[in-house]
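Q: The opening position of the sequence shown corresponds to residue 389 in the working numbering, with each subsequent residue numbered one higher.
It should be emphasised that the hints constitute simulated quantities derived from the structure, not laboratory data. These numbers come from a predicted model, not from an experiment. Note that the Cβ used here is the ideal one computed from N, Cα and C, for glycine as well.
Computed beta-carbon distance windows for the label pairs:
| no. | residue 1 | residue 2 | range |
| --- | --- | --- | --- |
| 1 | 391 | 429 | 40 to 46 Å |
| 2 | 428 | 392 | 36 to 42 Å |
| 3 | 392 | 412 | 27 to 33 Å |
| 4 | 429 | 403 | 23 to 29 Å |
| 5 | 391 | 427 | 43 to 49 Å |
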Amino acid sequence: MCIYKLNIFISTCIFFVNYVFRFFMPDPESREKNCAVNRLSQ
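Hey, can you work out the whole structure from these sequences and the hints?
A: Rendered as structure tokens:
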């Protein structure tokens, strides 16, 4: 049970770190992908 909670804690931390990195430092590849998706959706 303790290991299970630790896994949830680690995965949550990784999720937040990825979110913060994406928010503060968006890499050009993801920006291009977002532009392509926006063009396709229009």
